[in-house]
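Start from the sequences and build out the full structure, keeping to the hints where you can.
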Amino acid sequence: MRSDKISEREIRRILDDILKRREFNQNGNSNSVFKLVSDIWESIQEWVREFFDYSQPNREIRVYSGLNSSSFQTVAKVLLVLTASVLLFLLVRLITKRLYMSKKIKFAEFPRVSEYLSRPEDALNKYSECMTAKEYSKALRFLFIALLLELDRRKIIKIAKWKTNRMYLREIRLKDETLAVSVQEFVNLFDECCYGNRNIDEASVSRWFEFYALQKEKPV
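According to the numbering used here, the sequence shown is numbered sequentially starting from 8.
Mixed in with the good hints there might be a few duds.
[Unchecked claim] The calculated lysine-lysine pairs, modelled on DSSO-like cross-linking and capped at a C-alpha distance of 30 Å, are:
#, residue 1, residue 2
1, K133, K168
2, K170, K223
3, K225, K168
4, K133, K170
5, K225, K170
[Unchecked claim] Cβ pair distances, simulated, as ranges:
#, residue 1, residue 2, range
6, R180, A91, 47 to 55 Å
7, L181, T139, 32 to 40 Å
8, R180, P118, 20 to 28 Å
9, L124, L186, 15 to 23 Å
10, Y202, A140, 15 to 23 Å
11, R100, T139, 39 to 47 Å
12, N195, R119, 13 to 21 Å
13, S211, L89, 51 to 59 Å
The set of hints was computed from the structure by calculation and includes no laboratory data. Think of the CB as a built atom: it goes at the ideal place given N, C-alpha and C, for glycine as much as any other residue.
The structure is reproduced here in C-alpha coordinates:
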(Lines of atoms letter the chains of each structure in order from A and count residues from 1; the text may use other names and numbers.)
(Lines give C-alpha, C1' and ligand atoms only; values in the text may rest on other atoms or scores of the structure.)
Protein backbone atom coordinates (compact mmCIF):
# COMPACT_ATOMS: atom_id res chain seq x y z
CA MET A 1 0.00 0.00 0.00
CA ARG A 2 1.37 3.41 -0.96
CA SER A 3 2.19 5.86 1.83
CA ASP A 4 0.00 8.96 2.27
CA LYS A 5 3.11 11.02 2.99
CA ILE A 6 5.36 12.80 0.51
CA SER A 7 8.98 12.99 1.62
CA GLU A 8 10.35 16.50 1.24
CA ARG A 9 13.84 15.05 1.53
CA GLU A 10 13.22 12.92 -1.56
CA ILE A 11 11.81 15.87 -3.53
CA ARG A 12 14.75 18.02 -2.49
CA ARG A 13 17.25 15.30 -3.48
CA ILE A 14 15.79 15.01 -6.98
CA LEU A 15 15.80 18.78 -7.50
CA ASP A 16 19.36 19.08 -6.19
CA ASP A 17 20.48 16.37 -8.64
CA ILE A 18 19.03 18.44 -11.46
CA LEU A 19 20.59 21.68 -10.26
CA LYS A 20 24.04 20.08 -9.93
CA ARG A 21 24.17 19.36 -13.66
CA ARG A 22 26.90 21.20 -15.53
CA GLU A 23 24.58 23.44 -17.54
CA PHE A 24 23.31 25.06 -14.32
CA ASN A 25 26.83 26.03 -13.25
CA GLN A 26 29.68 28.00 -14.77
CA ASN A 27 33.31 27.67 -13.75
CA GLY A 28 32.33 25.67 -10.69
CA ASN A 29 30.34 28.55 -9.15
CA SER A 30 26.59 28.90 -8.91
CA ASN A 31 25.38 31.38 -11.49
CA SER A 32 22.37 33.66 -11.45
CA VAL A 33 20.25 30.96 -13.11
CA PHE A 34 21.05 28.52 -10.33
CA LYS A 35 20.07 31.15 -7.75
CA LEU A 36 16.83 31.85 -9.60
CA VAL A 37 15.85 28.19 -9.58
CA SER A 38 16.76 27.85 -5.91
CA ASP A 39 14.70 30.92 -4.98
CA ILE A 40 11.70 29.62 -6.89
CA TRP A 41 12.04 26.24 -5.20
CA GLU A 42 12.06 27.90 -1.78
CA SER A 43 8.92 29.85 -2.72
CA ILE A 44 7.20 26.64 -3.77
CA GLN A 45 8.10 25.09 -0.45
CA GLU A 46 6.61 27.99 1.46
CA TRP A 47 3.42 27.77 -0.58
CA VAL A 48 3.14 24.04 -0.05
CA ARG A 49 3.65 24.42 3.69
CA GLU A 50 0.61 26.67 3.85
CA PHE A 51 -1.52 23.73 2.75
CA PHE A 52 0.39 20.87 4.30
CA ASP A 53 1.53 20.06 7.79
CA TYR A 54 5.30 20.19 8.23
CA SER A 55 6.41 17.63 10.81
CA GLN A 56 9.69 16.91 12.62
CA PRO A 57 12.00 15.09 12.88
CA ASN A 58 11.31 13.15 9.65
CA ARG A 59 10.90 16.40 7.68
CA GLU A 60 7.91 15.15 5.70
CA ILE A 61 5.08 17.06 4.08
CA ARG A 62 1.65 15.61 4.80
CA VAL A 63 -1.96 16.63 4.33
CA TYR A 64 -3.69 18.30 7.27
CA SER A 65 -4.97 15.64 9.62
CA GLY A 66 -8.41 17.27 9.53
CA LEU A 67 -8.77 16.34 5.91
CA ASN A 68 -9.53 12.64 6.23
CA SER A 69 -10.69 12.03 2.70
CA SER A 70 -8.18 9.71 1.04
CA SER A 71 -9.52 10.79 -2.36
CA PHE A 72 -8.78 14.44 -1.57
CA GLN A 73 -5.29 13.53 -0.38
CA THR A 74 -4.59 11.58 -3.56
CA VAL A 75 -5.83 14.39 -5.80
CA ALA A 76 -3.82 16.96 -3.82
CA LYS A 77 -0.64 14.91 -4.18
CA VAL A 78 -1.18 14.38 -7.92
CA LEU A 79 -1.76 18.11 -8.43
CA LEU A 80 1.36 18.92 -6.43
CA VAL A 81 3.50 16.55 -8.49
CA LEU A 82 2.03 17.85 -11.76
CA THR A 83 2.59 21.46 -10.73
CA ALA A 84 6.20 20.77 -9.74
CA SER A 85 6.78 18.87 -13.01
CA VAL A 86 5.40 21.71 -15.12
CA LEU A 87 7.48 24.28 -13.26
CA LEU A 88 10.65 22.24 -13.68
CA PHE A 89 9.92 21.72 -17.38
CA LEU A 90 9.44 25.46 -17.90
CA LEU A 91 12.58 26.28 -15.93
CA VAL A 92 14.72 23.79 -17.85
CA ARG A 93 13.35 25.11 -21.13
CA LEU A 94 14.03 28.70 -20.10
CA ILE A 95 17.56 27.91 -18.96
CA THR A 96 18.35 25.87 -22.07
CA LYS A 97 17.12 28.68 -24.30
CA ARG A 98 19.11 31.23 -22.32
CA LEU A 99 22.32 29.20 -22.54
CA TYR A 100 21.76 28.53 -26.25
CA MET A 101 21.21 32.21 -27.04
CA SER A 102 24.20 33.19 -24.92
CA LYS A 103 26.45 30.79 -26.83
CA LYS A 104 24.96 31.86 -30.16
CA ILE A 105 25.73 35.50 -29.43
CA LYS A 106 29.18 34.59 -28.19
CA PHE A 107 30.00 32.53 -31.30
CA ALA A 108 28.75 35.35 -33.52
CA GLU A 109 31.39 37.60 -31.95
CA PHE A 110 34.23 35.26 -32.96
CA PRO A 111 36.21 36.46 -35.98
CA ARG A 112 35.96 34.23 -39.05
CA VAL A 113 39.05 33.44 -41.07
CA SER A 114 37.12 33.83 -44.34
CA GLU A 115 36.48 37.49 -43.47
CA TYR A 116 40.22 38.20 -43.69
CA LEU A 117 41.00 36.53 -47.00
CA SER A 118 41.00 39.83 -48.87
CA ARG A 119 42.99 41.62 -46.14
CA PRO A 120 45.16 39.06 -44.33
CA GLU A 121 47.34 41.77 -42.79
CA ASP A 122 44.36 42.90 -40.68
CA ALA A 123 44.43 39.68 -38.68
CA LEU A 124 48.00 40.32 -37.60
CA ASN A 125 47.19 43.94 -36.82
CA LYS A 126 44.35 42.78 -34.58
CA TYR A 127 46.73 40.36 -32.91
CA SER A 128 49.17 43.19 -32.14
CA GLU A 129 46.37 45.39 -30.75
CA CYS A 130 45.18 42.63 -28.44
CA MET A 131 48.69 41.91 -27.21
CA THR A 132 49.20 45.59 -26.43
CA ALA A 133 45.91 45.59 -24.52
CA LYS A 134 46.99 42.37 -22.74
CA GLU A 135 43.94 40.55 -24.08
CA TYR A 136 45.87 37.36 -24.69
CA SER A 137 42.94 35.03 -25.41
CA LYS A 138 41.70 37.36 -28.15
CA ALA A 139 45.24 37.74 -29.45
CA LEU A 140 45.49 33.96 -29.79
CA ARG A 141 42.31 33.88 -31.88
CA PHE A 142 43.67 36.38 -34.39
CA LEU A 143 47.05 34.65 -34.41
CA PHE A 144 45.30 31.39 -35.27
CA ILE A 145 43.49 33.15 -38.11
CA ALA A 146 46.81 34.56 -39.34
CA LEU A 147 48.26 31.04 -39.34
CA LEU A 148 45.38 29.65 -41.40
CA LEU A 149 45.74 32.53 -43.85
CA GLU A 150 49.43 31.72 -44.19
CA LEU A 151 48.72 28.05 -44.80
CA ASP A 152 46.16 29.06 -47.40
CA ARG A 153 48.79 31.25 -49.10
CA ARG A 154 51.13 28.26 -49.25
CA LYS A 155 48.36 26.11 -50.79
CA ILE A 156 48.37 23.69 -47.85
CA ILE A 157 44.70 24.40 -47.11
CA LYS A 158 41.88 26.10 -48.95
CA ILE A 159 39.93 28.49 -46.73
CA ALA A 160 36.16 28.43 -47.08
CA LYS A 161 33.41 29.94 -44.95
CA TRP A 162 31.74 26.56 -44.31
CA LYS A 163 34.88 24.72 -43.22
CA THR A 164 35.71 23.83 -39.63
CA ASN A 165 39.09 23.59 -37.92
CA ARG A 166 38.86 19.81 -38.10
CA MET A 167 38.48 20.02 -41.86
CA TYR A 168 41.54 22.23 -42.11
CA LEU A 169 43.48 19.72 -40.02
CA ARG A 170 42.58 16.92 -42.40
CA GLU A 171 43.83 19.00 -45.33
CA ILE A 172 47.10 19.72 -43.51
CA ARG A 173 47.64 16.03 -42.73
CA LEU A 174 47.35 15.22 -46.42
CA LYS A 175 50.17 17.65 -47.18
CA ASP A 176 52.40 17.57 -44.09
CA GLU A 177 51.89 15.13 -41.21
CA THR A 178 54.55 16.76 -39.03
CA LEU A 179 53.00 20.18 -39.43
CA ALA A 180 49.58 18.72 -38.61
CA VAL A 181 50.80 17.56 -35.18
CA SER A 182 51.78 21.10 -34.19
CA VAL A 183 48.65 22.65 -35.68
CA GLN A 184 46.55 20.11 -33.78
CA GLU A 185 48.06 21.37 -30.52
CA PHE A 186 47.33 24.94 -31.59
CA VAL A 187 43.72 24.04 -32.45
CA ASN A 188 43.23 22.42 -29.04
CA LEU A 189 44.45 25.57 -27.30
CA PHE A 190 42.33 27.75 -29.59
CA ASP A 191 39.20 25.74 -28.74
CA GLU A 192 39.90 25.90 -25.01
CA CYS A 193 40.29 29.68 -25.14
CA CYS A 194 37.32 30.37 -27.43
CA TYR A 195 34.79 27.83 -26.24
CA GLY A 196 36.10 26.87 -22.81
CA ASN A 197 36.92 30.37 -21.53
CA ARG A 198 40.46 29.31 -20.68
CA ASN A 199 42.79 32.13 -19.70
CA ILE A 200 46.18 32.24 -21.34
CA ASP A 201 49.33 34.20 -20.56
CA GLU A 202 51.62 36.25 -22.76
CA ALA A 203 54.35 33.59 -22.84
CA SER A 204 51.98 30.99 -24.30
CA VAL A 205 50.81 33.34 -27.03
CA SER A 206 54.39 34.37 -27.82
CA ARG A 207 55.34 30.72 -28.22
CA TRP A 208 52.71 30.27 -30.93
CA PHE A 209 53.71 33.52 -32.57
CA GLU A 210 57.18 32.03 -33.01
CA PHE A 211 55.56 29.00 -34.62
CA TYR A 212 53.62 31.30 -36.95
CA ALA A 213 56.77 33.25 -37.80
CA LEU A 214 58.55 30.02 -38.82
CA GLN A 215 55.68 29.17 -41.16
CA LYS A 216 55.76 32.67 -42.59
CA GLU A 217 59.41 32.25 -43.56
CA LYS A 218 58.74 29.14 -45.64
CA PRO A 219 58.29 29.56 -49.38
CA VAL A 220 55.11 28.73 -51.24
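Task: Violations among the numbered hints, reported as their numbers in ascending order - done: As far as the earlier hints go, not one is violated by this structure.
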